[in-house]
Every structure is written in structure tokens, then in C-alpha cells.
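Asks: Residue-level listing of the chains:
There are 6 protein chains.
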Amino acid sequence: MSTERFEMCLPDLLVEQIVADALAEDLGGAGDLTTNATVPAQARASGVIAARKAGVVAGLQLADAAFQMLGPEVDFDIAIPDGGSVAPGGVIAHVDGSARALLTAERTALNFLGHLSGIATLTRAYVDKVKGTRAKIVDTRKTTPGLRALEKYAVRAGGGFNHRQGLFDAILIKDNHIVAAGGVGRALAQARAHASHMVKIEVEVTSLEELDEALAYEPDAILLDNMSVAMLKTAVEKAHGKALLEASGGVNLDTVRAIAETGVDMISVGALTHSAPVLDIGLDFEPTAKDKSA
Amino acid sequence: MSTERFEMCLPDLLVEQIVADALAEDLGGAGDLTTNATVPAQARASGVIAARKAGVVAGLQLADAAFQMLGPEVDFDIAIPDGGSVAPGGVIAHVDGSARALLTAERTALNFLGHLSGIATLTRAYVDKVKGTRAKIVDTRKTTPGLRALEKYAVRAGGGFNHRQGLFDAILIKDNHIVAAGGVGRALAQARAHASHMVKIEVEVTSLEELDEALAYEPDAILLDNMSVAMLKTAVEKAHGKALLEASGGVNLDTVRAIAETGVDMISVGALTHSAPVLDIGLDFEPTAKDKSA
Amino acid sequence: MSTERFEMCLPDLLVEQIVADALAEDLGGAGDLTTNATVPAQARASGVIAARKAGVVAGLQLADAAFQMLGPEVDFDIAIPDGGSVAPGGVIAHVDGSARALLTAERTALNFLGHLSGIATLTRAYVDKVKGTRAKIVDTRKTTPGLRALEKYAVRAGGGFNHRQGLFDAILIKDNHIVAAGGVGRALAQARAHASHMVKIEVEVTSLEELDEALAYEPDAILLDNMSVAMLKTAVEKAHGKALLEASGGVNLDTVRAIAETGVDMISVGALTHSAPVLDIGLDFEPTAKDKSA
Amino acid sequence: MSTERFEMCLPDLLVEQIVADALAEDLGGAGDLTTNATVPAQARASGVIAARKAGVVAGLQLADAAFQMLGPEVDFDIAIPDGGSVAPGGVIAHVDGSARALLTAERTALNFLGHLSGIATLTRAYVDKVKGTRAKIVDTRKTTPGLRALEKYAVRAGGGFNHRQGLFDAILIKDNHIVAAGGVGRALAQARAHASHMVKIEVEVTSLEELDEALAYEPDAILLDNMSVAMLKTAVEKAHGKALLEASGGVNLDTVRAIAETGVDMISVGALTHSAPVLDIGLDFEPTAKDKSA
Amino acid sequence: MSTERFEMCLPDLLVEQIVADALAEDLGGAGDLTTNATVPAQARASGVIAARKAGVVAGLQLADAAFQMLGPEVDFDIAIPDGGSVAPGGVIAHVDGSARALLTAERTALNFLGHLSGIATLTRAYVDKVKGTRAKIVDTRKTTPGLRALEKYAVRAGGGFNHRQGLFDAILIKDNHIVAAGGVGRALAQARAHASHMVKIEVEVTSLEELDEALAYEPDAILLDNMSVAMLKTAVEKAHGKALLEASGGVNLDTVRAIAETGVDMISVGALTHSAPVLDIGLDFEPTAKDKSA
Amino acid sequence: MSTERFEMCLPDLLVEQIVADALAEDLGGAGDLTTNATVPAQARASGVIAARKAGVVAGLQLADAAFQMLGPEVDFDIAIPDGGSVAPGGVIAHVDGSARALLTAERTALNFLGHLSGIATLTRAYVDKVKGTRAKIVDTRKTTPGLRALEKYAVRAGGGFNHRQGLFDAILIKDNHIVAAGGVGRALAQARAHASHMVKIEVEVTSLEELDEALAYEPDAILLDNMSVAMLKTAVEKAHGKALLEASGGVNLDTVRAIAETGVDMISVGALTHSAPVLDIGLDFEPTAKDKSA
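Residue numbers (this note's numbering), protein chains in the order written: chain A, 1 to 294; chain B, 1 to 294; chain C, 1 to 294; chain D, 1 to 294; chain E, 1 to 294; chain F, 1 to 294.
These aren't lab readings, by the way, just hints derived from the structure by calculation. Nothing here was measured: the structure is a model prediction, and the numbers come from that model. A couple of the hints might just be wrong.
Since the list can't tell identical chains apart, any single copy or any two copies may satisfy a pair.
As the list claims (entries may be wrong) - Each computed DSS-like pair below joins lysine-lysine, with the alpha-carbon atoms no more than 30 Å apart:
hint : residue 1 : residue 2
1    : 174       : 242
2    : 174       : 53
3    : 238       : 53
4    : 174       : 238
5    : 242       : 53
Chain A extracted, bound-state conformation (with noise of 0.2 Å):
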């Protein structure tokens, strides 16, 4: 498959791998016995993907690359990108093809689809709570085994950022790490004597003391671990210009304008990719004609 179709897109490869191991799942070794003992194998369908609720799209590659594995022939038509806002009711793709092929990869399209979208939405909603702030919405690594690469792409969709991906792209420091290394500079130089020069480096800190002490060593970015609306204040005059801040724990809906406002650089949210609802989103298929002389 071509990508060039998505401007905002995922590794192509990553994509075809994901979607192959979870028709996979669904199928087992016997296919779908309902649709290959009801559907004749030349029936063709065609449908609109929907949603029932507003939300933000994010998935539409996945979706795509599910009806395409099961029928290659499969027109998937998008009618709002990943990142655009649906209404309810909205038609966000059509379809059409083998009617095997939609009605086999139907649940699988969509599981991805109503994920993703569930963490575009939930992002999105943050995002629009800090609006006019410097602050920017990331996200963790409390992500779902195996879909990692796939939720940060959904919280990008929502307009959030990304923090690292994992544990080998950038260096996060925390109590355990300065535990180990005997304090927080000693931490610190022992994590720039061994960085890449193309690798960034956080600290946390729960304290203002300890956010001194940071400070004093340079690092790319520190986050404040649980403080309070006012101790983040405070954090934000003494490190101005020094490092970014990241504001982490207890954020919610009702807490991030808040804590926006106190003037952090980013926020994170480990519930954008553990705890977001799915976007309910279904695949209506078009009546037959069969249907339509009823």
C-alpha cells in the first residue's frame, strides 16, 4: 500500500504487521464461519463508517490497510482525515467491495478505528482546556502493550505531543535512578557521560530544593512531580529560561487550565492512552438490492 494518501501517517510496514496479527486473532485458523457460510463469495457491499458520538478521527490507516488485507480491491474512500472533527452521525469513510471481505475485517477496522479515535478525542479535549497557554499536552508510556507507536500517533491526531517513545530514545531520571546513582548531580553527569549528543535529558523532581539542585546541572527538561498549582508557580520563576517544565500527576479535566496557567511547558497525561474511552464509531452497510425492492 501507498501512503502517500495520509499526510499524517504511520510506518507503513508497522501498520500492515499490527493489522495482519489482529485479522489474525479474529480469524484463528478457521475464518469466519458465519460470513463464509451466508455471504456467496462474489457479493459485493458498501457502507459508511460513522460515528455515533463527536470525537477527533485517528486510525483511518489501519482501517483501511484491515479491508484491504481481506479484499484488495476494496474502495476506502476518506472523507475526514485522521485529526478532523467528527460530528455525530458524521461519515467519516465509505466503503466498497467484496461483501465477505467487509463483513470479515468489519470488527477489526473498527476496534482500531474507535481506539485510536477514543485517544484523539480525549487528547483533543485536553488541548482545547489549555488554548492560549504556553503548555502542550503529552503523553506517557502508560500505553497498551504492543500499540504503543500507534496511541502516540492518536495523540498527535488530537493535537498533543509526544514525550520519548520508550526507554531508549531519551533519558527521564527519576527518584529510583538518583536512589541508585547517589543524588541527583551525580545522576545527572553519569546520564551525560554516557548520552548521545542526539538524546535529551529530564530529571524529576518533588521538591523545590531538589529542583535547584537540578537546575544547577543543566538538563533539557525536569518534571514536577505532583506539586501544587502554587509550588508549580513558583518552579516556573525560578527555572525561567533554564529548562523546560513538565507539570505531572493529578491532572485532570478539571485541573489542566490550571495548571496551564501556571506557565509549564508541557503536561502529561497518563490517561490519554490508558484510559480513554473508546469513540463509538460503526459501519453502516448500504441496503441491497435485494433490500430495496422489499
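Based on the hints, put chains B, C, D, E and F in the right spot on chain A.
Replies: Here is chains B, C, D, E and F on its own, set in the frame of chain A:
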């Protein structure tokens, strides 16, 4: 690893594959940059896995595997087994072993545990609501791609029951199959003609007329789609002793009791697997000797 | 590849994986030393896939995939579809395309086709023997490791029916489970307590006393293990209308008719998948122009 | 696992991969529904693996691996090693360990053991028939897809020899290669020009004229395709000391002795791997204490 | 992809697997951050793949696959096929297609092409040195893990020949095998007893006495380990017409001619695959319209 | 396997996967024909892994894994850890265990060790050359496909530093990106708009004008492409304290010192991973008792 420790368990080969993939996702090629830079290879640590909120535990086998894969000598002692209830702050397990292994595997272990315990916890909430009725709470195929077997296991840990595992193990005839086959009767006849004697057949109906039509063909179960409580009651009267009845659609914690009291046999809830928030579970490291002396 | 050409089919992703593995097994890293040395890359060839003996065809989807993977432009025209009968010398399919692709894929394509057609042919022989009785011929889990889904498909192509696919989709309680559970009753009760409403339960009995005991617990099916024809008749009388009855053990082409005439619902035959000889099928290349001029 | 226990063995990494795939095929995502419902996790069991009929054992390494993967502590004590003869009722191995592991792995272990022992047994029958002649019984590439290395191992266990492993390790020029290359001489010349010095070259001939033509090019071996015993004798006289001769086609247990007595070096038998019936092998669990007291 | 374009080729399934893995290694889960941020999805580009230095081309099939996998519509036109010589600045291929696909696949394509062309170039240097002698330049098993089939292909592209592919396709008895077996004779006898008739046998000797001992057992080839040119000459005289002789050890571009002139049949050179420097090959994008107008 | 033995280490799951693939490549389906024919299963052996030339060790974890996978009981005692220097003849490790396991794994273990130690050795040579300057030696993405993580590890073992791991973890804007984006400024602005706060941004410039233009946008680092030493000095003066500077192009052991003395922060050297010759390392088996008595 031996599964003798787990009365209730997932296939171990599946667990190992999924956990290895999840660790690979977090470690990439470069590994845990932070821990490798700040924690000596021989350092040891111990800690407790504890719930921040009340819930039902599920996924210990996966957490155990995550630690074992990075530190074969890690002790993982279970305090509350899968299916058990944990109070806020309650200890679920103790871990002890290589500090690097514990720190590097921590997030992967917790991601599995939090996600699956979240599902078990939500399932238990539904199960508690229908206590005393004949209704079982059952899941759907609206699961997270790649994790279906785990999520269905978590539903069982929460006291729920599984619907079919995929398209391959049971027949569920929906509206589009009926249209393609040319009616409920023909669809059921075709399904029966193809089905193994070990495969159950369920059919979806949306009206009492369709229910009557379906009952004439003696399916094992009938899915009553989006019916009102009043309709469900009538359906139960009609179908009494003839087929298992499953209520589906419009189910939430507020409505489930009334639905259960209609006398249906199963109530299916997609939210169990597509919208359960994580159960907040953390790993608290114990202060090290150095710490204590401070 | 599209599966629209195949009314009866296996999941295409599964087919592609298994065929790719089989080709890799034959090609190694160095490829087809003989063909690459002796046949030019641009040479083309055509031929017919023909049976040397009478039988039932199964596995065309796999043969097609083998040729397609090495030569995407290969034409594969089916003369007798899966499930069809072929006479000695009968043409099953025509192939046309890259000579290298045809020669290199030939053995892999034929190995699938011969093995699966062998199973379909033996199944048909049993099915023909029991014609006119209520008995269905069913397979077992005694399949070739890695090829179960294909072999069970071949049984269907031959007119047989599948028993459960594996340990995961249905419950079959055998003697050792009964001993471990503490009796037929307890075993059936435990099975029912755990089972999904979409999972069928069968129990194995070896005597008429055990049959009575089992019937009291209303299993979906009962396997009558190694019973004489006389016992089977009594069992059928006892169980009439209460549970499906499966005869197992001592079944061969000489005994199967008498067993079927007892009135059992299914007769399971392990030999279908563990001992069916190959159906001898070859690929006859058409003489090339050069040849013809000779 | 260590292969030190096996004088004759398959690569252990290959064994582990194939056995893991076979177990996954049987377990799916839900595992052994029956055993998990009826057998406690801590229950232990023991039993003997015994042959129901006489034959030659092959595949113990795979059976061992199947049990080990589900129960790392399972004891697997070999009574008759691969290549050994077993009488009807003869004990091949003793197993002892987790009851769940033994019951769940049983069928997979026996499927490998029965299939490979069936091949070894049929091979031994051919080998015994040609005893005293110079002819070796060799296999072909007509193997079960995915299991070639195992099946060729079983042929060796039965006293046979392997032909080439695949298209990659030796050159076998057949009729179509000869046509494409423009004659036996050109085909052999092209093969030699490309071949590694470690690769042997064999050519197929169908007449004595072709044999003469082939001998002029000094191949390592010549396959005499479907020749009568008389022709084979003449061929042996012609080729004496010049090339190894392989008889192929029309070989069965009735004809093989006469073919061997022509003086050919090898007789290839496709049936060894494509049509060997299973050797009937079972796992008999020992009565438990509870049982004994009854 | 079709391999019809490549007279000399690697198995396509192998190429696709290795290229997919290499792309995944470079893309991770997040993809090409730079290109996705700066290049529009619909932008197109074209360019030439050109050598910075003189050499022999190898690996076009892999470069082609890398571009195809990210941009199925990319044109890849070959100017100099594998095995061809390229002058400094010489154009090897033209590419045209999606700008994102070209930029993202560029490094992976060039890494394959540079590495394999490096091997082909070094091989050609050795081959040119021994021109006119009977000696073939052959490779060893000292290859880069995971890339052996590709590297051995590159040796062939450079005009060299392959030694055995691995431990599985030919027998090479070394000193430790001889010690374990109890002498050259016993080792050769054991090898012959186990070997397929399609497997060649080579033995390593370090002295003329061992050579005599080996010749008595008629191996297919004898490896003369680290012998002086004088000793090699004597060895050639002794072994004339009895076994192929391979010189090994102390071979470099300065010594290889003298070694070849001793009359040995093969000279094995580990450096071909373990120490060949890359051939410097780059992808020069053509100025875009926008550029040109500037 | 536990990684506690390795202060400096690669992710163990990655090591196991890559080593298993490398062993499979060497073993095929038939295994080590030579060793299995000549060495008894119970034979034991021991030996030393020793360098033939001076160098820096890297890759012991992989060599260890290769032996462990074929002989779980093999002792692997490290004398010189990764990153340590070895003199000609110096012993790197002792091995002791199953003779078959040692002989069969030998080449795979040495291929990893020689390749990675070759890279570490070349890296160390560059690092030594620039001692006393501020310049770090860094690698590139010009790595062997499939082995990047290992090769970057070897660079670290040699005292070098890693550049970005792939396209996914950092942004490096090159000429074609600049053209596509419409200038340095727009490219940097687009990169910043998309980038995570944990992702660094580097831009390539080829002139001092471009350097000025880039500095205005405050990238984390600037790659100075193919500049003369004089230009590099000027660049260092201009950029002092504003961005890290990387020199690239025309770097070799003769030129690297002068480049380092310009004051650049990093010097990237593609040759570290694409053209490092192997470090010659062998496994010398100790004479066995039988040998000694001779």
C-alpha cells in the same frame, strides 16, 4: 516458566510472546538509557506492587513474565491472586532482584497489570449489579487489537463470561448476513449446514417478529439487539426454555440491573474491553540501606 | 491476493504465511540452484496440473499462492475446484508464466495439493460409505503439526465435518479429566461453570453406565469410545434426542457402514488426517516451441 | 534444553520453534478449556508413552520439548531412543509432572511422535527389504510443508538416507531444465559453471541414450526415471564406477527388492514422507492414588 | 515483486524479509521524523544512484525492494546490473517517485548496496589477480550474522565462488573433529557413513603426511591449511586428479597470485566477507523545478 | 540469561533473537553435519577465545548467547570484558562444555565477536587520535542492515558515542529536506512544530552562510558537511556556545586530529560501522586427554 503457580491462567507461550513484544517496544535497540547510565549492573532492589485505588486484580502472570525476562532470578511473590479484590493501598505482590531488571521492566509490567485489572474491575462492577438474577455479564469482540485473549481472561477474572473468541469458534448471524443469505431462515439453515457439531449458533434479532422467526429454527442463542426492557421481558416469555437470550445495546451500570431482571441469560457489554479505565497500580521501591542510614 | 475466486476458502493471511514458510524451507538462502543455472530469467512456460489417480481436489488456494509468490504474473486457471472429483489423468488447473517461477514453486505447490487432496479423497471414501445414514464423518485433533487448519479444510472439501479445532474452542472431557475432577458429574459441572455460552461440551464414555451418568448432566454431545456395534445401538436408544452421539475407535472403511447404521450422529476418524496417502498429482509442462519443431 | 541426551538429533532451536507453533495451534488464545476447568493447577500425574503396534521410534526430542514447554519440571525418561524398534505395547518413554502440562501437551507430543515414527517405520520396512544389496533407500522433496527437516530426520532414524534437503543444497537437473537449457550437455555445463565445489550434480534420464549422453559429462549421480528392472540392469553395467545411480518411480515394498538387485546405488521413495501412515502411539496415564483406593 | 528483471538473483521472499527488517530498524515506531515534518506527502522526486569510486555492483534487488516497500509506485531503472563494473561517478540506477519514499528508504537502500558492492569489488580484485590459473576464489563462513546468503551472492557477483553455505549442506572435517573421531581415517569413515549421496566431504590437513592419510580415504576436497607455497606445490603434485585442493590461510592480494600458481583448485578468502570496505555509493537527487527556477 | 554479568550491555531479548537467527542461518534444518557425524553427544571440550592481533573487545554477550543456546550448561568465563584492550594472543574468554555445542556454535560466536571487536578497535583508534580535544567520535546510520544496535554498542565499547539510532529518535535535516521545505528556516520551523520536547534537532549546512542562517533558528546541533579545516575553525568561532557542531566528510585516521583541533564537538565517521575490518579472534581448543597421551 511454570504455570503451576496460577490456578487461573493464560497459555504461557502466548504470555511470553506478548510480553517479549511489549518489552521490545519499550527497549528498542538501545535499551534503557537511563537505568544503564545510573544503576550498577549488580545493584539489587525490592519493592511492592500496590493498588492506588480499590479494584480487582488481573494480569499477574504477565507482570511476572516481564520481570523474569529481564532478570531470571527476580522473586515475584503474589499477595492477591488474579480475581482477588484489592483495597486502596493494598499490596498485590512483592518483587525482589536485580535493580536494573526491576526498573527497566516496571512500566511494562504495570501497563499489563493496570490495563487488565481495569477490565476486571469494571467487569466486577457489572457482575455485582446483577447479583441474584440469572444474567451473566459477557464480553464482545470489541477488544484492543492484539490483546483479545488477555482481555477476555481479565473479564473472567472479574467474574464475567466470555462470548465467542473470534470469528472462528462460533457463529453469530447479524443483520447483514441475514440480508445476504435471504432471510433468517435461510441464514440459519446455511449456518447449520456448514457448522461443526461443536460450534454453537446465535442469531441477532431486532424485533419480536424476528424473534419468532428465529425460534422456529432452534438456534442455541438469540441476541436481542437494542430492545427496551419491556420488549426484553416479552422476548423472555416467548423464548423460555427454547434458546439462550442475550441482551445487547444500551447497557451501562445504571441500566444493567433492570435489563438483568427481565430474565435474559446474558448481557453483553462492549465497554468491558473497549472503555475500561486503567486500575491505578504502582511499584514502590523499598528504601535502600543507603537511604535508611540517612 | 483476493479470495473472491474461492467459494470455499481458508483465511488468506494464513495461506500466505504457510506457503511463504514452505517456499523458504525449499529455497533456503541460495535459492533454486538448478533452475537459476539452467533456465533464463525471461523464459516462460505453461503446463497442466493433473491427477494421476482418481480423487477429490483440495488445496488450490495454496498451490496458487505458491506460484504467485515466485511469479506475481503467473496465471492459475482452475478447472476443478476444491471439493470436486477428478478422474485419473484429469486436469485440475492450467498454469502459465515465468518458467523459473513455475519450476521453482512446482514441488511446494504439489506437496500442498497432493497432501490435502489425499485427505479429501480419503474423507470422501468414508462419506460415500455412510451415505443414507444420519452419520457425519468428522475429523480429530490427530493432525500434522502446523497444518491443522489446512487439513480440517480438506476434510470439509471431502464432505466431512470438523470436530473441535483445538483445545480452545470446545470442551471434550476424557477419562483423565474425569479422574482428576472426581467423577463424570463433577467434571461436567466444573466444565459448565467455566464455559462460555458459545462453547459446546462433550464427554467421553466407555460403558452404558457411564452413558447414563453423563446423560443426567445434559452435555451437548457424548463420545462413545471403542464400543461394539451392539453397544452403540443400545446407546443410541438410550440417548435418543438427549445428546448428539459420536462413535470413535475401531473405525475403518470396512467397519464404518455398520457403525453408521447404529444411528450415531457422528463417526470420528483419526486416519483422515494422520494416515491419508497423498493423491498423486503432477505438473506436466507443455512442450516448448523448440521441442515441437523436433 | 540440552541436546546432550540425544546422540541423534535435530537442531534444538528448530525443534523449539516448531513445537511452540504446534502448541500454539492447539491452544489458541484461550488455552485448554477442558483441562483448566477440571484439573487443579497443582495436580500431578505420570504415565507411559507406548506403541500400540510394532514400529521404529522417531521424534522423542519433539515430544520432550512439547511437555517441557508447558511444564518445565516434567520428567521425560526415554526407554527406546529414536531409531530403536518397539514391539506392540512397548514402552517408549515415561513422563511425570504437572497433570495439566501432561494433559495439555499430550496430543501435540503424540502427533509428532506418531507422524515421525510412522515415517521411520515405513523407511525401515524398505531398508529391510533391500538388505544385502548395495542400494540405499533415500527420500525425496515430497515432504509435508513445514516439516521437511523433521521428516528427513525420521528417514535417517529408520535407516534410510536423505536426498538433497531442498533446491538450495544440490543440483538435480530434470527434463524441463534440460529442455530450457537446450540439451543434457548444455544443462550439465551450465550447472557446473555455476556450482560451488561443494555442491553435487545429479541429472535425470529416461532412456539409455540419455544415460550415455549424461555419462559423457561426468555428473556425480544419475537418476534413472521410471525404468524397468531390465533397463536398470543395463544402466548399471554402463555406468559402473562412473556415477552413482538412483532408481526412481514405481517403487513399492513389492518391487523394491528386484530394483535393488539391479545394482543401483540408491532407490528413492516418495511414499516415505508423503504417504506413511502414523505409528499408533498413546499416552497411558497411571491410575492416581484416588483411583487405586477405589 | 517479480524477479524476472534479475538474471542473477536472490530468493525474493528472503529479500523482502531482510529489507523489511532493515527498514523497521531505521523507522522504529515513529517513522522518519525529519521527512514527515518537512516533505509533503504528495511531493515527488527523482535522482541517480551513483558510485563515488570504481567497483563492482551487487545488491540492486535489495535497493529496489527498499524503495518499493515505502513507495510501491517508485520507478527503479537499472543502468548497471549486479556483477557489472562501475567507474567513479558512474550511474548505477535511476529512481523516481514519492519524495518521502525516496528520502526515507535512501539510507537502507544504500547500506545494502554499498556493503554488497564492497564485497563484490574486493572479490573481483582477487579474481583478477588469479586470472589464467585454475584457481577459483571462494568465500568462507566468516560472514556477517544474518546476511550470509546476501554476502555469498555478492561474492558470486564479483566472480568468486561459494564454499558451503553453512554447517548443514556439506561436510568439512577440521582438526577438532579429527581429534574427537580418533584420526583422519575414522573421521572420514564416520562422515561417509552418515552423509547423503548429495553431500560433499572435505577434510582439512596441515601437513603432507596428513594429506597422504586423507587421500587414502578419497574425500571430494582437501583444505590445505596455512601451507607455504612450496608445500602447496608438493601437495598439488601428490593429489593431482584425486581430490580438489583448497588453499587457505595467509591469503591477501599480494600473496594470492603465487598461491594460485601452485595449481590449487580453490583459494578461500575470509576477508571477502568479513573485512571488505563499503563501496561508496550515493543517491543524488535531481534539482526540483522550484530549485531550477532559482 | 541474566545480564547482571555485563555492566555494559545490549537488551538481552534483542541479543537472543539475533543470535538465534544467526545460528539458524548456519544450522539450517539438517544441523552440523560434520560435528554430528564425528563427535559423540556426550563428549566435552574446553578452549580459549583469543585475539590474534591487538584490539578492543566487543560482543561477549553475543558469543556467550551463541554457546548457551546450543549448550545451556556451557561455562563462559570472561577474561577481558567488552571495552577492554587485548594484546596479540591475549585470552578474551574461556569456554568449557559440550564438545558438540562448542564446535557448532564456534563460528557464529566468533563472527559476532570479530565483527563487533573490529568496530570497537577502529573506533578506539579514532578516539585515541583526538585525545585531549573536545571532539567526540560519533557513528552514523551507515550500518550493516539488521545489526545497527549491535554496531552502535560496539562504537560505545570502543569509546565513541552514538549519533541518532535511526530516523525515529531525532531530527537531522539534510539538503533535500531543506529544498522540499523551502529553505533552512522553514525546514527548522516545521521540524520544531512537529517535534516532541524530547527530540533534538540537527541541521546540515555546507557553507558559512548556511551556518549563519541555521544559527538564527537555534537548532541543538549543526552538521558541517565536508568543510575544510579552515572553514571548520571559522564555524566554531561563529557558533561558539550556540549549538553543538559536528564535522562530517573526509574524515580518516590521518585527517581526524586536525579536524578535532578546530574545536568541533563531534566528528562523525561512517567507516566505523561500514568499513571496519574484522578483529581476528579464534577459539583454540585444549588438547584432550587422548591427545595428551599421544
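Asks: All the hints need checking, so say for each whether the structure fits it.
Replies: Hint check:
no., hint, verdict
1, 174 with 242, "both (20 Å within a copy, 29 Å between copies)"
2, 174 with 53, "between (39 Å within a copy, 23 Å between copies)"
3, 238 with 53, "neither (44 Å within a copy, 34 Å between copies)"
4, 174 with 238, "within (20 Å within a copy, 37 Å between copies)"
5, 242 with 53, "neither (43 Å within a copy, 37 Å between copies)"
Comparing the model with each earlier hint shows violations of hints 3 and 5; every other hint is respected.
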